[in-house]
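2 protein chains.
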Amino acid sequence: MQEMPIILFGVGGVGRALIRQIVANRQFHADEFGLVLHLLALCDRNGAAIELGHGLDDVNLIDLVELKEEGGQLSDHTLGGADHGELATIIDMAGRVGTVVVDCTATEGTVPALLFSRDRQYKIVLANKKPLTTDQEVFNRLTQAGATTENGDITPRNLGHCRWEATVGAGLPIIATLNRLITSGDHVERMAGTFSGTLGYVMTGLQMGERFSEIVGEAHRQGYTEPDPRDDLGGIDVARKALILARGLGWEMELDDVTVEGLYPEEMAHLTIPDFMAALPELDEFFADKVETAAVQGQVLRYAASIEKHSCVVGPVTVDANSPLGRLSGTDNLVEFHSKWYSPSPLVIQGRGAGVEATAAGVLADIIELAHTK
Amino acid sequence: MQEMPIILFGVGGVGRALIRQIVANRQFHADEFGLVLHLLALCDRNGAAIELGHGLDDVNLIDLVELKEEGGQLSDHTLGGADHGELATIIDMAGRVGTVVVDCTATEGTVPALLFSRDRQYKIVLANKKPLTTDQEVFNRLTQAGATTENGDITPRNLGHCRWEATVGAGLPIIATLNRLITSGDHVERMAGTFSGTLGYVMTGLQMGERFSEIVGEAHRQGYTEPDPRDDLGGIDVARKALILARGLGWEMELDDVTVEGLYPEEMAHLTIPDFMAALPELDEFFADKVETAAVQGQVLRYAASIEKHSCVVGPVTVDANSPLGRLSGTDNLVEFHSKWYSPSPLVIQGRGAGVEATAAGVLADIIELAHTK
Numbered sequence: 263m264q265e266m267p268i269i270l271f272g273v274g275g276v277g278r279a280l281i282r283q284i285v286a287n288r289q290f291h292a293d294e295f296g297l298v299l300h301l302l303a304l305c306d307r308n309g310a311a312i313e314l315g316h317g318l319d320d321v322n323l324i325d326l327v328e329l330k331e332e333g334g335q336l337s338d339h340t341l342g343g344a345d346h347g348e349l350a351t352i353i354d355m356a357g358r359v360g361t362v363v364v365d366c367t368a369t370e371g372t373v374p375a376l377l378f379s380r381d382r383q384y385k386i387v388l389a390n391k392k393p394l395t396t397d398q399e400v401f402n403r404l405t406q407a408g409a410t411t412e413n414g415d416i417t418p419r420n421l422g423h424c425r426w427e428a429t430v431g432a433g434l435p436i437i438a439t440l441n442r443l444i445t446s447g448d449h450v451e452r453m454a455g456t457f458s459g460t461l462g463y464v465m466t467g468l469q470m471g472e473r474f475s476e477i478v479g480e481a482h483r484q485g486y487t488e489p490d491p492r493d494d495l496g497g498i499d500v501a502r503k504a505l506i507l508a509r510g511l512g513w514e515m516e517l518d519d520v521t522v523e524g525l526y527p528e529e530m531a532h533l534t535i536p537d538f539m540a541a542l543p544e545l546d547e548f549f550a551d552k553v554e555t556a557a558v559q560g561q562v563l564r565y566a567a568s569i570e571k572h573s574c575v576v577g578p579v580t581v582d583a584n585s586p587l588g589r590l591s592g593t594d595n596l597v598e599f600h601s602k603w604y605s606p607s608p609l610v611i612q613g614r615g616a617g618v619e620a621t622a623a624g625v626l627a628d629i630i631e632l633a634h635t636k
Numbered sequence: 263m264q265e266m267p268i269i270l271f272g273v274g275g276v277g278r279a280l281i282r283q284i285v286a287n288r289q290f291h292a293d294e295f296g297l298v299l300h301l302l303a304l305c306d307r308n309g310a311a312i313e314l315g316h317g318l319d320d321v322n323l324i325d326l327v328e329l330k331e332e333g334g335q336l337s338d339h340t341l342g343g344a345d346h347g348e349l350a351t352i353i354d355m356a357g358r359v360g361t362v363v364v365d366c367t368a369t370e371g372t373v374p375a376l377l378f379s380r381d382r383q384y385k386i387v388l389a390n391k392k393p394l395t396t397d398q399e400v401f402n403r404l405t406q407a408g409a410t411t412e413n414g415d416i417t418p419r420n421l422g423h424c425r426w427e428a429t430v431g432a433g434l435p436i437i438a439t440l441n442r443l444i445t446s447g448d449h450v451e452r453m454a455g456t457f458s459g460t461l462g463y464v465m466t467g468l469q470m471g472e473r474f475s476e477i478v479g480e481a482h483r484q485g486y487t488e489p490d491p492r493d494d495l496g497g498i499d500v501a502r503k504a505l506i507l508a509r510g511l512g513w514e515m516e517l518d519d520v521t522v523e524g525l526y527p528e529e530m531a532h533l534t535i536p537d538f539m540a541a542l543p544e545l546d547e548f549f550a551d552k553v554e555t556a557a558v559q560g561q562v563l564r565y566a567a568s569i570e571k572h573s574c575v576v577g578p579v580t581v582d583a584n585s586p587l588g589r590l591s592g593t594d595n596l597v598e599f600h601s602k603w604y605s606p607s608p609l610v611i612q613g614r615g616a617g618v619e620a621t622a623a624g625v626l627a628d629i630i631e632l633a634h635t636k
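Line by line, the protein sequences give chains A and U. To convert, count from 1 in the first sequence and add 262; that's the working numbering. To convert, count from 1 in the second sequence and add 262; that's the working numbering.
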């Protein structure tokens, strides 16, 4: 049996789904791959639960997941504590050769711990977009991780060390595909598509004649949006995904270089969340008109990203109702790769691009891939 | 720099495109991945060219490719010979730790050499469907390759050792996606789609009102079909791909278990190739009628495969002209994965599923992935 020690940052929806999937697949991973995944530590902003040696056992893991689901803290559990200090201290304590550090948080705060992990030659799996969308240098250091070869060369890409599939399109194999095209020397000239389940849901609702304020309100109540829905509606989440794809092509650029058009006017940017929600009906007519004007011409509204010629553009666009993008509905994502070998028809990947289970499955597939890498 | 020794079986269209791509990307692979791919031996049915040590240099590689393109034999080259004997002898002579054996032939004849390579713990990349569609046991041994763990356990899957992306859908990431879904514990309930660029071309031609005999004749002249077009028209090539996908799910089945409906009647099975081509016009009316009947109901004819509930069914089907499959045209392939996390909407991958360059690129991506595995 190959043992795979794991340290998990983030025990929110995706982190908890991942823990449940690891437990549910334990027998399968042992039987099929000869692999045992040991969760040595779970960490979030309020504390950590750590069990060195063979990691937290399944009874305690499920206890901890349920504790969090009921609104408790890791530190409320007998194995938990609030006094473990910095993530780096936990990594230092728990990590050992072959450790995979998994980041399912949504904060830039993990960057120092990830770089620390990288310097220890630990492998890294990210569902968290923030570390890859802060400074270009951090992207480079994380994705080039383990970069020094025997004779001291630094190589820009080390696919044996870092995976970040779940940062774009949840579990859809978008990053894996991009990396395959790149390694084979194909030239990706353009990527385009929709990368937000939430905005897909909003656009489908508009198309069905629902009011903008009602759709957003409902999505907010159902937890489909970020706590502040502007984090979705402003397009910054899509911009981060576009930036990750652009950087994946080897382009050096920053988040500020992405052109973003959001779905609410600047003057609503500084309201409190309740005030913002209350002001949403003011936008209903604007969107209803937009959708109607498009419909007359056989078109529909989509929130799309285009990555081409060293620029990323993100915002609402009208597309033919009968085009692949126009036919997309609900939380499905779609991405087109236009390249030397995929021209004039692009390579297209389509499917659910949101949801904690699909996202966690993308993280788990990354972890298992890294079990086979040097 | 990491050195990757490669032994290539098959210097036909895909093999030659692969050699050219390796040469063209040499600098890129060195700069970006710190990787050097050494082609130690090229082998085909008539001979081999072998250069131990650092492998064949680029001048000789391109010479050999051009020699083959002009109808010559490897043995005509100063580095070539017809007397190298069995593939196993060449592997024995040229192979060393970390060697990747790449099969771009279209024959079952490589199976003993592949199993020999596997027993030497060499890695294996297949574009050749035959070894994975002969006995289940051969599929298992090749894809479980390197199967023994430290304490002697045999694990059914060893994704660090064998890749076979280009056997289905050329360079499209179909096998990679299937393997990711499986490793993450998703349950794939159904796969469906079109896996033949050639039959896609035929179906698109029929839809545009061309005659069956003319389309097939033109495809044959252009080299889009196998030398005997019945190898495509009979559906056996699609059946092999369906079987590879089904076995990838862990289902144990043989090629005989696949239900196949071909595009020509049994009585044309035993004609010579010229007689078969001459008899094709007899089928024109049959297909014209079929297409017309479908068109009246807004449907089109497609050659599709369905892999579900431990059975594979391959044959012509009528689908809604406005469905994803119905909108597909030319040599594009499309595959849908219906699974626990991709339901009710499937995960869809679409794009060029044929052509030597796209196929070779799929092989090259596999090779580079294996550079990072244990």
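Don't take every hint at face value.
Since the list gives no way to pick out one identical chain from another, each pair is judged satisfied if it fits inside one copy or across any two copies.
[As the list claims (entries may be wrong)] Here are the simulated DMTMM-like cross-link-like pairs (lysine to aspartate or glutamate), alpha carbons at most 20 Å apart as the crow flies:
#1 Lys602 to Glu619
#2 Lys552 to Glu476
#3 Lys392 to Glu331
#4 Lys571 to Glu332
#5 Lys636 to Glu265
#6 Lys552 to Asp397
Derived by calculation from the structure, the hints in this document are not laboratory data.
Hint check results:
1. Lys602 to Glu619: between (34 Å within a copy, 10 Å between copies)
2. Lys552 to Glu476: within (17 Å within a copy, 48 Å between copies)
3. Lys392 to Glu331: neither (24 Å within a copy, 50 Å between copies)
4. Lys571 to Glu332: neither (48 Å within a copy, 39 Å between copies)
5. Lys636 to Glu265: both (14 Å within a copy, 14 Å between copies)
6. Lys552 to Asp397: neither (36 Å within a copy, 59 Å between copies)
Hints 3, 4, 6, counting from the list given before, are not met by this structure.
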